[in-house]
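Enquirer: Chain residues, written in single-letter form:
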Amino acid sequence: MHTETVHITPYRAHAWVLIALLALTFVTITVTWIDLSALTVAIALLIASVKAYIVLTNFMHLKFESSLFRVFVGMVLAIYVLVILFTLSDYLFR
Amino acid sequence: MTEEKTHHPEPSYLVDTGKYKGLMAWLTSTDHKRIGLMYMYAMMVFFAVGVLLGMIMRIELFFPGQQFYGPQMYNGIFTIHGIIMIFTVVIPGLAAVFGNFSMPIMIGAKDVAFPRLNLFSFYLYVLGAAIALASQFMGNGPPDTGWTFYAPYSIQTHTNVVAAVFGAFVLGFSSILTGLNFIVTMHRMRAPGMTFFKMPLFPWSLYATAWIQVLATPIVGITLLMIIAERWLRIGFFDPSLGGDPVLYQHLFWIYSHPAVYIMILPAMGVITEIIPTFSQKKVFGYRAIAISSLAIALVGYFVWAHHMYTSGMSATARWIFSLLTFLVAVPSAIKVFNWVATMYKGSISVKPPFLFALGFIFLFMIGGMTGLSLGALATNIHVHDTAYVVAHFHYIVFGGVGFAFFAAIYYWYPKMYGRMYNFKMANWSFVFLFSGFNLLYFPQFIIGIMGMPRRYFDYLPQFTFGHQLSFFGGVLLVIGFVIMLITLFSKKGAKAPDNPWGGRTFEWRIPSPPPLENFDIMPEMGENEQPYDYK
Numbered sequence: 067m068h069t070e071t072v073h074i075t076p077y078r079a080h081a082w083v084l085i086a087l088l089a090l091t092f093v094t095i096t097v098t099w100i101d102l103s104a105l106t107v108a109i110a111l112l113i114a115s116v117k118a119y120i121v122l123t124n125f126m127h128l129k130f131e132s133s134l135f136r137v138f139v140g141m142v143l144a145i146y147v148l149v150i151l152f153t154l155s156d157y158l159f160r
Numbered sequence: 002m003t004e005e006k007t008h009h010p011e012p013s014y015l016v017d018t019g020k021y022k023g024l025m026a027w028l029t030s031t032d033h034k035r036i037g038l039m040y041m042y043a044m045m046v047f048f049a050v051g052v053l054l055g056m057i058m059r060i061e062l063f064f065p066g067q068q069f070y071g072p073q074m075y076n077g078i079f080t081i082h083g084i085i086m087i088f089t090v091v092i093p094g095l096a097a098v099f100g101n102f103s104m105p106i107m108i109g110a111k112d113v114a115f116p117r118l119n120l121f122s123f124y125l126y127v128l129g130a131a132i133a134l135a136s137q138f139m140g141n142g143p144p145d146t147g148w149t150f151y152a153p154y155s156i157q158t159h160t161n162v163v164a165a166v167f168g169a170f171v172l173g174f175s176s177i178l179t180g181l182n183f184i185v186t187m188h189r190m191r192a193p194g195m196t197f198f199k200m201p202l203f204p205w206s207l208y209a210t211a212w213i214q215v216l217a218t219p220i221v222g223i224t225l226l227m228i229i230a231e232r233w234l235r236i237g238f239f240d241p242s243l244g245g246d247p248v249l250y251q252h253l254f255w256i257y258s259h260p261a262v263y264i265m266i267l268p269a270m271g272v273i274t275e276i277i278p279t280f281s282q283k284k285v286f287g288y289r290a291i292a293i294s295s296l297a298i299a300l301v302g303y304f305v306w307a308h309h310m311y312t313s314g315m316s317a318t319a320r321w322i323f324s325l326l327t328f329l330v331a332v333p334s335a336i337k338v339f340n341w342v343a344t345m346y347k348g349s350i351s352v353k354p355p356f357l358f359a360l361g362f363i364f365l366f367m368i369g370g371m372t373g374l375s376l377g378a379l380a381t382n383i384h385v386h387d388t389a390y391v392v393a394h395f396h397y398i399v400f401g402g403v404g405f406a407f408f409a410a411i412y413y414w415y416p417k418m419y420g421r422m423y424n425f426k427m428a429n430w431s432f433v434f435l436f437s438g439f440n441l442l443y444f445p446q447f448i449i450g451i452m453g454m455p456r457r458y459f460d461y462l463p464q465f466t467f468g469h470q471l472s473f474f475g476g477v478l479l480v481i482g483f484v485i486m487l488i489t490l491f492s493k494k495g496a497k498a499p500d501n502p503w504g505g506r507t508f509e510w511r512i513p514s515p516p517p518l519e520n521f522d523i524m525p526e527m528g529e530n531e532q533p534y535d536y537k
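First to last, the sequence lines map onto chains L and S. With the numbering used here applied, the first sequence covers 67 to 160. With the numbering used here applied, the second sequence covers 2 to 537.
Not the full set, but computed from the structure, chain S residues with beta-carbon under 10 angstroms of chain L:
no.: 1; residue: Ile-184
no.: 2; residue: Trp-212
no.: 3; residue: Val-215
no.: 4; residue: Leu-216
no.: 5; residue: Ile-220
no.: 6; residue: Val-248
no.: 7; residue: Leu-253
no.: 8; residue: Ser-316
no.: 9; residue: Ala-317
no.: 10; residue: Ala-319
no.: 11; residue: Arg-320
no.: 12; residue: Ile-322
no.: 13; residue: Phe-323
no.: 14; residue: Leu-326
Short derived list, chain S residues pointing at chain L, Cβ under 7 angstroms:
no.: 15; residue: His-252
no.: 16; residue: Phe-304
no.: 17; residue: Met-315
no.: 18; residue: Thr-318
If you're looking for bench data, these hints aren't it; they were derived computationally from the structure. The beta carbon of each residue, even a glycine, is placed where N, CA and C say it ideally should be.
Build out the structure end to end from the sequences listed, making use of the hints.
Expert: Below you can see the structure in the form of structure tokens.
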């Protein structure tokens, strides 16, 4: 029989996550004022990825889950990367 | 089996035992079997509307030139025909109806993992369909973009695109939630002893389908919202006059809409994989190969989307990559066909109506699949792109494949659904009309397509007249077959169905017909040496 452990995250951890997300949002807005030319989108995506990681691991409890869930999330990310790569096979070679 | 086990004290799921009676009891039921049947009734209505619209097109095309209505109305009719048939019939299709009705029983569960979410999915489906249909009667007239809503025309047309797009968006939510429900159900609620590689193959196909539903549908949801944002806020995503890229729209649309073809066809393949061993009374050939090929189709099928775009101005590199991948996805599909044929070989075949429709499926799916390869090849695609050849190809897959599998599934599980048999002779006649009508309707489209008849054209050159007229008569035969099928199934009560009328081995044939509310009196188990298709 499968047993489940309940994880109660302390308020302090949630507060740190909130602060981190707000800070990263501030950084996202700030970097739009700097001319980084081709890197603009890459940096915005990088910051968004860090935010997504924080949400996935903390709010969505991925850091407490079994490896099966991590495999699923990894599979989704792999498919996402492949979709981007195949789409770029059009845009980069036109 | 003891007397105690065969006598069933629990009333069937068709009997109202809850707070409400009659229609309200159905509309508020979270029972997976009732929800499956509600999907089926809704889809039959939408299918009938879609067929009617198709026949209205065929009547107009009987002769060249304008007969009964103008080109703008023709554009509106083929658009809503596509939206209804794709988004409300074939995409939810077999998964929503038979996945809901049969899958939990086949894996030995009392219901799906989230029954209320399941009912919510049904209501989202009804809401999305209602919005899509209402788009015909609101604003500046029916949308005229085709079901693909290609930009930049979908941004520029004054017709009521936003409502239709939003309807498709809501339908997508329903699909995602159903997929999620099925994944959790199959992971968490299988009977003791039923490992993944002992699970029947229809649930396996639903598992692969569910992953596509969950992973691909959000992309089209966002894309459709981008159309609305571009129309209302003038953000330049896709319209070149606003700084957008129309090819990007095609990428985003087909990233979902090609895997959607596999959302349609994988459960159809799953149904055929149940029917063939049952009516051959033989263990399915290559169980693991069929199970893994479902996953392979789902995975590779995710990366072939741009074969719809060879003529859209894509790079040559992307074209050959997507052509190669398209040829690769044919391999797991062919594995299934070989396994079906090998299962029938030296089997004790009983040609009952579900089996006839399964054979019809294989024949039509093979034609649809092989013509798909000629479309996947770069050189031939340039010649037949956007011609009636494409129309014929996808109808052979979507109607000849999914439609015939749907009919096969109804005839297969009908005794379990209603606890009644039906008239086999009438059912066989429905097959004769549907099969001959289907081929007469769509095969001429291959010919006139190669001759140069474009798709979505209201008018045509005189040399295509005979082909269009053959198609019209095929359509008439098809409608007759559909009516015969409805009369066979729903006009009068047949004899009482036994629990296992076909000699099947999966769990649904071990419980009463119709099943009790929670499916099993005693929860089933799968023995260590037991296999799902053990006909010895």
